[in-house]
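Asker: Each chain, written out:
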Amino acid sequence: MSKTSAKTKGTSKRSFDFWVAMTMVIIIFCLIFIVFPFFKLIIQSFQNQGTNSFTLENYAKFFQKKYYREALGHSLLISLVVTVLATALGVPLAYIGSRFNLYLKRVIYVMIVLSMLSPPFIGAYAWITLLGRNGLITGWLNAIGISIGSIYGFKGIVLVFTLKLYPMVYLYVSGALTTIDSSLEEASENLGVSGIRRVMKVTFPVIMPTILSAALMVFMTALADFGTPRLIGEGYTTLPVVIYKEFLNEVGTDTGFASALSVVIILIALVVLLVQKRVVDRRSYNMTSLRPPALVELPVPKKILATLAVFFVSFLSVLPQITVTIQSFMKTKGPRFVAGFSLDSYREIGAKLSNSIVNTFVYAFIALIFVIVLSLLGAYLIVRRKGASSDAIDLLLMFPYVIPGAVLGICLTVAFNVKPLILTGTMWIIILSFVIRKLPYTMRSSVGILYQIDSSVEEASISLGVPPMKTFVKTTVPLMMPGLISGAVLSLVSMMNTLSATLILYTGKTITMSVAIFNCVNNDAFGQAAALSTILTLATVVCLIIFNIITKGKGSVV
Amino acid sequence: MASQSVKIDNATKIYGNFKACDQICLDIKEGEFFTLLGPSGCGKTTLLRMIAGFNHIDEGQIFFNDKKINDIPAAKRNIGMVFQNYAIFPHLTVEENVQYGLKARKVKGEELKQRALDAMKMMQIDGLKDRMPSQLSGGQQQRVALARAIVITPDILLMDEPLCNLDAKLRVAMRTEIRKIQKKLNITTIYVTHDQEEALAISDRIAVIHDGKVEQVGNPKNIYVHPENEFVANFIGTSNFIDGEADNGKVRISGGKEITLNVDPVFSGKVKLAVRPEYAAIEDAGKGDIEGTIAFSTFLGDFMNYEITLENGQTIEINEYTENILHQRNAGDKISLRLMYDRINVFDAETQRSIMK
Ligand SMILES: Nc1ncnc2c1ncn2[C@@H]1O[C@H](COP(=O)(O)OP(=O)(O)O)[C@@H](O)[C@H]1O
Ligand SMILES: [Mg+2]
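Sequences listed follow chains A and P, in order. Just so we're aligned: the first sequence equals residues -10 to 547 in the working numbering. Just so we're aligned: the second sequence equals residues 900 to 1256 in the working numbering.
Excised from the complex, chain P in its bound form (with noise of 0.2 Å):
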């Protein structure tokens, strides 16, 4: 069967008095990459457990295509899930593990094992397959859940912070597999992560998630450039926040110059301008927007990481690449800063809303 489209409505979890996850939409197109993405705690599993079964949804539907799964059990979802502590069979060998769904659908013989075989190749595991899982390596382990969950050819792919325990080199080169892997088999993928690099490498879209809500859906690109809210600028990469007041298209730096930005000309109050690291250029004295002193610098091999205190008491961070500096930057020095204006995003400082045009 081909890949289905997933839409959320309304979905709801509550325990106690508490929801974990409130009132949820989100429209999945088929053989969507879909990323959850947002802080530890913010019911993003929760929601995950939902779209699979193990969560019963309290308020609200989920649609697999057109169809209403709310009270299919969870073995009859047709379902992949990749669990983050990877959920191995202890008690079975590699292939076992593979054909553990095949065998649940009553797949024999040469079908069962071919078809396995193929997975297992997939996922280049092939020469393991009489291990015990006891006597893998993490990244074998996390290739094993894959292709266990790939085999069954699921209608959808869940995937649960699955790069999580494995050390950084091999979470970028595992991510890269995924996404190929997920290309290649076109099916519709809905994954979990904390992570904003790991999300923003490998989605075709992201939900960003905070407290239960949905706060922004969109491509990476999109939530990067525009934030919508200061939790999402502030959430996904490094953004600072400096204060400033709007009125009429003109947004004054608290402490600085009074610029144009790309802001709605209808907003009249005060304001925060995210500004992210490196957004602004350092520049000397008086040259810039906003005049501050260099409190402390930091060599981190592509750039210079300099801490700045401005004129108006805040503090923020400033990359500048190492290749593009002229002035080697101490700490005490006077220096200003030349934002970029067309890069940077004003929220209202009352709802932390964008005022962006």
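Bound-form chain A, shown alone (with noise of 0.2 Å):
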């Protein structure tokens, strides 16, 4: 009696036996890959580089040197800018795109959901071959006699992360714009509060708890990104390059101070996260859309001009993606592009970098393996075995979501560069930062629709004398196949556009069509970028033509 009593579900000893087995695989997954790798970052952080030491020093020399603490101010400054600007781009314009019938639609959408997924690197290389000193219109303009200033700097990384980021907030807020119970929206009007006031009084603070998560999202990716930053920012320094250039230093390595970094990087993630939350879970409401609202058809003039404004911002964003399409077909002189049609371009990647196409995509299926299974038995445990250790897991696999990539390579690094388990070096360090880091996706949308399939499915199938492991597969599986395979091509879409973590694990051998780009760019081979871009946005696309087909048109990419 003592020793049944624990166990208050399922009755079956080998159920029992399996699910208790996967927790213990689960959380040991999560403790040797996630939890290990980032304690052993916090440690380095306190360790002197030449004795191992308990040491101070590594955040003394951060908050001494006035080039890290202005990094720092640097990354907080662009991540705020952007977040206020991102948000105030995105949401009017998610109004206007979702409660008023614009013209070409679909194309819009398009545009914005993929200058979202491609990397941001990509659009701030692209802005320079426009913008920059050599740039296209930079060079039209200079001919009729018009000089517009430089866009390095801090200019450039707000253009750049303001156009890639407002779309997140784009697709969130429309999101819950299209399904907010009108009646609420119908009220105030019956009250006497119409129009621009109705929208501001009512609708907004209703779905603001959406904003605020999407403005979240946007501060995050912003705090993160490295890419960007190098490549535009010139002399403007945030803190992930400082992280690189720690870490990654030609004359020697400090492990120690970039482990500070990290650990401050984090830090800032996490209290923010905090904020968000608590902000958020004070004026979340429960809604259940009765009846969503409908669209409304505007006066040809009005509908034109909303079009427009609409088009226009989701062109510039998705500006970077057509320009190294076109750029990718052009003939190349030394860094500059020449006019004329040439698949040169092409042809020497084809030659010198088609390991790094081979690799993303072997990479990304590997991981996407692993985490399909993972989700799928960790959805599990979240949503049908409620407890201690599922609410565990639930927290530790979502815990990579705020590291920013380079913060989650340094410390993959730091745990796998010993024994007993040395990976770096090797494809399966990348692949299980694709894995740690891309999770979050397809575990979110697998909880999401195994919340709403209903449990007695399951037992009915179990009392039909189907035993629990084997219903899972046969019944629970093939039900949660719509929401596990529209988050796994997001992790996968994801995976193939990720930059930071594989800069710093990569090899020679093991390089990733992102990284491929970010060398060339650095080393002035623009028309090799321009063609492995255009490479990498077709699969891209393809993927979401599969996640199209897929959800048949009803699925949501945020």
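What the hints contain is simulated information worked out from the structure, not anything from laboratory work. Backbone N, C-alpha and C define an ideal beta-carbon position, used for all residues, glycine too. The reader is advised that the hints may include incorrect statements.
As the list claims (entries may be wrong) - Here are some chain A residues the structure puts well away from chain P; computed CB gaps all over 10 Å:
{"id": "1", "residue": "Ile16"}
{"id": "2", "residue": "Gln38"}
{"id": "3", "residue": "Pro81"}
{"id": "4", "residue": "Leu93"}
{"id": "5", "residue": "Leu119"}
{"id": "6", "residue": "Arg122"}
{"id": "7", "residue": "Asp243"}
{"id": "8", "residue": "Val264"}
{"id": "9", "residue": "Asp270"}
{"id": "10", "residue": "Gly437"}
{"id": "11", "residue": "Gly497"}
As the list claims (entries may be wrong) - Derived DMTMM-like pairs: lysine to aspartate or glutamate, alpha-carbon spacing no greater than 20 Å straight-line:
{"id": "12", "chain 1": "A", "residue 1": "Lys463", "chain 2": "P", "residue 2": "Glu995"}
{"id": "13", "chain 1": "A", "residue 1": "Lys463", "chain 2": "P", "residue 2": "Glu994"}
{"id": "14", "chain 1": "A", "residue 1": "Lys459", "chain 2": "P", "residue 2": "Glu995"}
Hints given; two lone chains; assemble the complex.
Answerer: In structure tokens form, the structure reads like this:
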């Protein structure tokens, strides 16, 4: 009796053992690959590089040197400004785009999704080729005697981030706006609060939690991104850039100091996350949408105007993709593009960089298998086996969400460059970074769909004689498929596009596409960068088309 | 295999410090249609899930025939279960749903097809066999759930409020059908409902459950006519409770006459008389057992429903069949009630237990 009283659910001994075993497996996975690396990072940050003795000098160095304090200031300023701008741009556009029937709706949607999914640094380098010193548009403008200021530094970073990140706000907020209960707004109109005042007083406050979540995502991405400030920032250094420099210093890495910087950036991310959570929790309304609002048909002149506004901004944000695609088919002379069609860039990458393409797909697909298995098991534990250990799994698996890629790269390096488990230099460490960072997408969508599947369906299967484990495979998994696949496609796309962690973890043999693009840009091989970016964009588009087919056009990418 | 009997011996389920099922003892005979009846939250589903194997039996034992099943996993209990929300597999066709349990039993080929077809024919869904569940109405889904449960020739059939999602007319038609099929297959069935009318109509025997405990077990008529306590009298059908005092086999109605009822002569003390709305006749003032005033009257087709304020201040409801009505009574009329002595149950006001002989 005392032995069995602990288990309240599921009397089958075998299923009981299986899920306990799975809980253990996942917790051990988390301990080895998430907790241990971060633990090691924290320890390193308190260690003297040479003697390994305890020291505070890494942190002292950070706070004493103006250069580092400035980098921190820059990071915070950029993240804040970008968050404000992206929200200010994304929310009104989302309102227009989701409430009014515009022309070219599909096109606008595709442009917005595409720009959201591509790596930010491609935007940076594309804008450089347009507005930089030798830029195309700069050239035209110079020819007619107009001089625009430099886009390097603060201005450029903000431009690239804003155009790259407002789509996140747009998609989140459109989602909320199309499911809000329209009777709320009608009630407000009834009470005499209408038009723009109604929007400000009722609509926006109601979707405020969504706006805040989107803003958080923007802030985190801007804070963590390394490629953009590195390429377009020039003298304007941010924290991730400093972390890379310290960690990948030619004259000798200062792991302790890089670790201390990483801890600082994690702390900032955590504080922002907690503040945002508190604010959201306090004004979170549970809404069941009874009747979603109808699309308003505007009179033609207004409709044209509204379409133009949304189209213009979304076109700007997808302009980097268009630019690099065109450039990839142009003749190059050194770092410059010259007139004339050519496939030379593709030939060059075919000869030199084709392994990066193969690597990207191989790593991403292997990682995807792990992501799918972990998500299926993890989602089941979180939803169906509620308890302390499943809460822990939930938290642990979502934690890497807030960790900048660079920091994860450093964590994995310091954790797995010594015995007993040496992974550095192998493809497995890159795959590991893919799994850890991109798991949350699939996990979230799997948890979401499992909550919608009534557990009595599983019980029906069991009572018909199919044991719990087999029921999970035969019934639960097929029913979870739509959610699982849509999350998996997003995980896949973002694995293929990710740069930060891989840049720290790769070697010549394990280079991926986004790293190769980054290196090409750094070496002024813009033609090859363009060709690789185009292939990457194409792969992304193919994944999105698959996503759309699977979700029958009803899926949301955020 | 022939159907089995079920013996539930002190089954208890504990959530924290709350007993959802408290030492439940039941003996369910082979082939019997047995209903667990009680208000929502009384522990019916919890008990049913213990029998099915989805809830651990914290204390006590459950036997199928003579075999203790406490530690047999749900998948091995050979139970047919019909869930409240049907729990049809949404990704399988009707036919595949029905075949699911057979395939788990390694039934193959012609036999698989034939047995599934027989079950679908019995539930009259053979015409829908290629449909997906999303293309079925609620009633049709219910039939699929039932076909899927009986096709495996289970030892015991469990049903948890299977009709509560259907509309009123369909509910009545389906319950008759369930009853007929159960008798035809002669399969031991444990049926859960909170609807006392449904329970009375469908069951061989009923266990009335309240707060995790069994209040009374008996056949429908027995439970209706001879409730063992106030809860059962109130829950099965409607009862008015009139205060009184019993002594030496006689009962004095508070504010009314002293009458002789078939109560335990040894009992002495405060009592309650349970009077069903149709077990009292309305007479002119002064002619019955207790005086009252019509407070409100409602015409309900077959009968008139009167709300009556008694001399002692209590309010009760009385029904009078339309065809029997001699005088139409109106609000404010002074009347007198004549109780049907042989149909009245008397309860100890303190213990709420029946003191009938
Ligand atoms: N898993 C559980 N944890 C805690 N309490 C539960 C659980 N399941 C049921 N209960 C409680 O047990 C009582 C009986 O529930 P249930 O058997 O579902 O009632 P019924 O089916 O008769 O409506 C209810 O008070 C319910 O809240
Ligand atoms: Mg229930």
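Asker: Are the hints correct? Go through all of them and say.
Answerer: We went through each hint and held it up to the structure:
1. Ile16: About 24 Å separates Ile16 (chain A) from the closest Cβ of chain P, which puts it past 10 Å; holds.
2. Gln38: 54 Å, holds
3. Pro81: 39 Å, holds
4. Leu93: For Leu93 (chain A), whose nearest Cβ neighbour in chain P is about 34 Å away, the distance exceeds 10 Å, so it holds.
5. Leu119: Since the minimum Cβ distance to chain P is about 50 Å, Leu119 (chain A) lies beyond 10 Å and the statement holds.
6. Arg122: 59 Å, holds
7. Asp243: Asp243 (chain A) clear of chain P: closest Cβ-Cβ about 54 Å, beyond 10 Å.
8. Val264: Val264 (chain A) clear of chain P: closest Cβ-Cβ about 35 Å, beyond 10 Å.
9. Asp270: 26 Å, holds
10. Gly437: 17 Å, holds
11. Gly497: 47 Å, holds
12. A:Lys463 x P:Glu995: Judged against 20 Å, a Cα distance of about 13 Å means the pair holds.
13. A:Lys463 x P:Glu994: 16 Å, holds
14. A:Lys459 x P:Glu995: Holds, because 17 Å separates the two Cα atoms, which is no more than 20 Å.
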